[in-house]
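A.B. asks: If you want the building blocks of each chain, they are given just below.
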Amino acid sequence: MSRSLSFPGQMLALVAVSTVLLLALPLVLEIDRILQLTLVFAFSILALSLAFVWGYAGIFSFGQAAFFGIGGYAYAATAINLGDSTPAIVAGVLVPTLFAALFGYFVFYARLSKIFVAVITLVMTLILYKFMGQTAKPDYMIGNARLGGYNGIPAVPPINVPGQPHLFAGPDEMFYIAGFSLLAVYLLLRWSLRTRFGKILVGMRENEKRMELLGFDTRLYKLLAFVVAAAVAGFGGVVFTNWNAFIDPHVFQLAFSAQPIIWVMIGGLGTLAGPILGTFILSTLSLELGVQKALDINLLLGAIFTFFVLLVPQGIIPTIRNYLEGRRTAGGDSSEGATGARG
Amino acid sequence: MVIAGIQILNTVAGLALISLGLAIIFGMMRVMNFAHGELLMLGAYSVQLAHSNGLNIWISMFVVAPLFVGLVGIVMERLVVRHLYGRMMDTLLATWGISLFITGLITMTFGNMTRGISTPLGSFEIGGIRESAYKFLIIGVTVALFAAIYFILRRTRIGMIARATMDNPSQVAALGVNPGYVYTATFAVGAALSGLAGAVLAPLTGVLPTMGAAYIGKAFITVICGGEAILAGTATAAFLFGTINQVTTIALNPEFGEVALLIGALLMLRLLPEGLSSLFKRKAL
Amino acid sequence: MTDISRRIMLKATGGLAASVAAPAVIKSRAFAADTIEVGALHDSSGSHSIYGKEMDDAVKLAVEEVNADGGVLGKQLNLSAFDTGSNMQNYAQFAQRLVTSQEASVVFGGVSSASREVIRPIFNRFKTLYFYNTFYEGGVCDKNTFVMAETPAQMISPSMTQLIKTKGIKRIYTMWADYNYGYICSTWLEKLAQDLGAELIEKEFFPLDVTDFSATITKIQDADPDLVVSGLVGGNHIGFYRQWPAAGMLGRIPVHCTVFGPWEKNLLQASEIEGLTTSYHYYQPIDSPANAAFLERWAKRFGADHPEIGTLAVCSYNAVFIWKKAVEAVGSLDREEIIAALETGIGFDGPGGHMKVHKETHHAVMPIALAEVRDGVFNIIDERDNVEPADTVAVCDLIANPSLSTQFQP
Chain F
1 MSRSLSFPGQ MLALVAVSTV LLLALPLVLE IDRILQLTLV FAFSILALSL AFVWGYAGIF
61 SFGQAAFFGI GGYAYAATAI NLGDSTPAIV AGVLVPTLFA ALFGYFVFYA RLSKIFVAVI
121 TLVMTLILYK FMGQTAKPDY MIGNARLGGY NGIPAVPPIN VPGQPHLFAG PDEMFYIAGF
181 SLLAVYLLLR WSLRTRFGKI LVGMRENEKR MELLGFDTRL YKLLAFVVAA AVAGFGGVVF
241 TNWNAFIDPH VFQLAFSAQP IIWVMIGGLG TLAGPILGTF ILSTLSLELG VQKALDINLL
301 LGAIFTFFVL LVPQGIIPTI RNYLEGRRTA GGDSSEGATG ARG
Chain P
1 MVIAGIQILN TVAGLALISL GLAIIFGMMR VMNFAHGELL MLGAYSVQLA HSNGLNIWIS
61 MFVVAPLFVG LVGIVMERLV VRHLYGRMMD TLLATWGISL FITGLITMTF GNMTRGISTP
121 LGSFEIGGIR ESAYKFLIIG VTVALFAAIY FILRRTRIGM IARATMDNPS QVAALGVNPG
181 YVYTATFAVG AALSGLAGAV LAPLTGVLPT MGAAYIGKAF ITVICGGEAI LAGTATAAFL
241 FGTINQVTTI ALNPEFGEVA LLIGALLMLR LLPEGLSSLF KRKAL
Chain D
1 MTDISRRIML KATGGLAASV AAPAVIKSRA FAADTIEVGA LHDSSGSHSI YGKEMDDAVK
61 LAVEEVNADG GVLGKQLNLS AFDTGSNMQN YAQFAQRLVT SQEASVVFGG VSSASREVIR
121 PIFNRFKTLY FYNTFYEGGV CDKNTFVMAE TPAQMISPSM TQLIKTKGIK RIYTMWADYN
181 YGYICSTWLE KLAQDLGAEL IEKEFFPLDV TDFSATITKI QDADPDLVVS GLVGGNHIGF
241 YRQWPAAGML GRIPVHCTVF GPWEKNLLQA SEIEGLTTSY HYYQPIDSPA NAAFLERWAK
301 RFGADHPEIG TLAVCSYNAV FIWKKAVEAV GSLDREEIIA ALETGIGFDG PGGHMKVHKE
361 THHAVMPIAL AEVRDGVFNI IDERDNVEPA DTVAVCDLIA NPSLSTQFQP
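Taken in sequence, the protein lines are chains F, P and D. In this text, residue positions in the first sequence follow the working numbering: the first is 1, and each later residue adds one. In this text, residue positions in the second sequence follow the working numbering: the first is 1, and each later residue adds one. In this text, residue positions in the third sequence follow the working numbering: the first is 1, and each later residue adds one.
Do not take every clue at face value.
[Claimed, not checked] Stretch by stretch, here's where chain P covers chain F in the computed footprint (C-beta under 8 angstroms, at least three residues):
{"no.": "1", "stretch": "118-128"}
{"no.": "2", "stretch": "228-238"}
[Unchecked claim] List time: in silico DSSO-like cross-link candidates among lysine-lysine, alpha-carbon distance up to 27 angstroms:
{"no.": "3", "chain 1": "F", "residue 1": "Lys137", "chain 2": "D", "residue 2": "Lys75"}
{"no.": "4", "chain 1": "F", "residue 1": "Lys137", "chain 2": "D", "residue 2": "Lys203"}
{"no.": "5", "chain 1": "F", "residue 1": "Lys137", "chain 2": "D", "residue 2": "Lys191"}
Think of the hints as simulated: they come from the structure by calculation, not from any bench. Beta carbons: idealized from backbone N, C-alpha and C, even for Gly.
Let's have the full structure, built from the sequences with the hints guiding it.
C.D. replies: And the structure:
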């Protein structure tokens, strides 16, 4: 079906369908479902950032949730101080980007191996958790914004029309903003993967030595991919902070940093649509299981996750696609890159 | 001063103890066991449950806990880990799924609350300052375990076979030893050591389904920074980070102790990307 | 963007809390319905469950008793009690669900201060009356929120005054959990100690995940204070109460705990905590006919072998009845009228004595007990009636400033 369309055609169709869906949903769904979907959109942006850096650049980063959190904190601090969300959104993307550039420089220019990168990004997240947790002292202020330790920052001003803080988004508007943000991030990443940059990343993932022999500075490209993913994660953090006007250090916890990894893994590594699907399924599951508590959520998530790693290591989307392609036998290479990117 | 020294040694020993089982599993088998924290937790639960049901505390701690967690290790290896040898990132992901599963299972079974055992052995006094005698036990157990593992790996036939299997499984198979059993046994030993560590530390910290998360980061940093040499590397890393942690805690306050440890680890990996083992000669243990 | 901005509602930015414009989504409250929707949000699982479980049970018991007694305004209460699992995200989601699709008239709950600050703005925004029933650091000043639990002034002032005066204490070593509660309590205690002629020789703060207290136990011995005050909180900090006796320090220097109820006590051996003192509104051993009757009902509902309960259960229980009295006083579910009725100082004779609303602060005036652990039992050694939340009274006056919805911090 859509396979017969050209790439721009596919994307246009996607935009059209998504727009109709996004505009129609608030009319038919209960308000708490709308709020829930808004949260899932924010998480999906986080999942996309990991899908990009892990699935295409081959860098397993435990730190995406950390950039997500930094973005949220940067947004909160800026919005509280300036009262306007526009510079706060910029800060929410810029601060994690700069942080990732600095951190990534140390990591990638030291040519640390894959497994060390995984552990060191985990360490970074743990440090942030410790650090943000001990900012309860009243002297930890960024301007007027109190960091608040484990309690975090409550009552963060919501997104408003640029320059007009009194025109701010309500739940429906926030739903649209989050939904279109997710769409925009998806399109941006899809486009970037079609550029020379994206092709170099995939080439590097498949064979780093070869790319280096061809004259590419793989350190630089890894750093760039890491920084792009951090910017995306930071933006997700901005949307998340807006969802209920608060941010606290739990986003730096091991349990939270773990979530995007499960989403991406289950949805399908080496795709962008898969991680979004994974996020939708698993975060909805978490919420519904939280309501009825016959089964512990960790127990179920752990079982599902182990099952996937052992038996469906490619994730949902690639498995379905392989199945369909197997039936059509004709082949024709898939539009969304190969799988098998894990270290 | 003497007390401060004991406290530093105690922190170092604690760090080495929680890392030993992980070091064996990672160092020998190249498996990133992310369920390590949960193995510690299961050890802690074993001793707490056995002891509160009337069993002698030392038997609960030194027999029941390692045996039970060793069995869990066997099950883990047979069901999951063995399918993933050679795929380090997949071992990380799968064991991490197991870690969530065990946490959930224990939460459902025993509830999410802290249980405890009171600290045995009483206290002693040096220069007018009183300190728990249990600290010496932790230091003693750690030293004894490191010595025992060193001896087994270097001096016994079992240790030789284990090391040879990790280097070249087909050669060992040619000698009539099933490498599959060696893998299972090695994993079980690592798990049992983790269980023992969790059991020994339980009287100090309390027992909670999510307690593993507090250890996993520290243990991984110690093992990764230790590098190739399983025992010497882990011991050196534990000594370095334990000292940094406890000196910072005593000199400033506990807020900065663990942050200092983590930053120390980051800097160290930048300076010595191969870990502290690169300071030793090759093939050191 | 035009489509979005057109839909964005004009609204004055009175208070950051009003971050979502609500009126468009609030459905008309179903007055015709024959039940009244009541919400509860407590951590029955997760790290805060040692506190949250008995609060959840208490609200359930209170609602059942109200219903058995004919309900409120002739209608039965329909309780939606959510387990928030010690997770802030759950708080936000369930609070949103309660105020939107469940259309709750009132919500009881929130365990930690962090959780309260996550949900309090939601209840403001959606105009749903809210009761918070956990002892906390004080200072919440919000027209829509009622706090039926102790503040530092209530937990610390009577007990420390008593201890300092009777035991001639001059030098106090203090240790606190490193978060808001610890900082505010330590500031309050410092001021109080000065007034009473004593001195805080140390204020040490511990992150919530610290389990090893040996360095501090050594520091305490070096400092040799007359009293140690512990504001340690949560499962990890329990370690202190094991390591202190393990170091042989029990009974050598008295220890007073600002956060130590049955929740902590049940996790420790009686021999580890002999002689610790603590202070709250309620302890299970309080000897009164009202308490005996209450405990009988509790045992009947939750089993005779239920864990020992504490002030959190009783404060949550009282809050339901205080709300009921206010609703009955107005005869409708009109939120503003109920608030006005509560501000007349409505009170309730609960298991721990008479608790009543303090009108300027929306906090509670209540009896406070000082207890010492003997053989694993809280022994009441001193009691004061009508203790006011003096810390919050000093900063908050909702009668003069009804538009406030903030938390004052010293």
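A.B. asks: Find the hints from earlier in the document that the structure breaks and name them by number, from lowest to highest.
C.D. replies: When the structure is compared with the hints, numbers 2 and 3 turn out to be violated.
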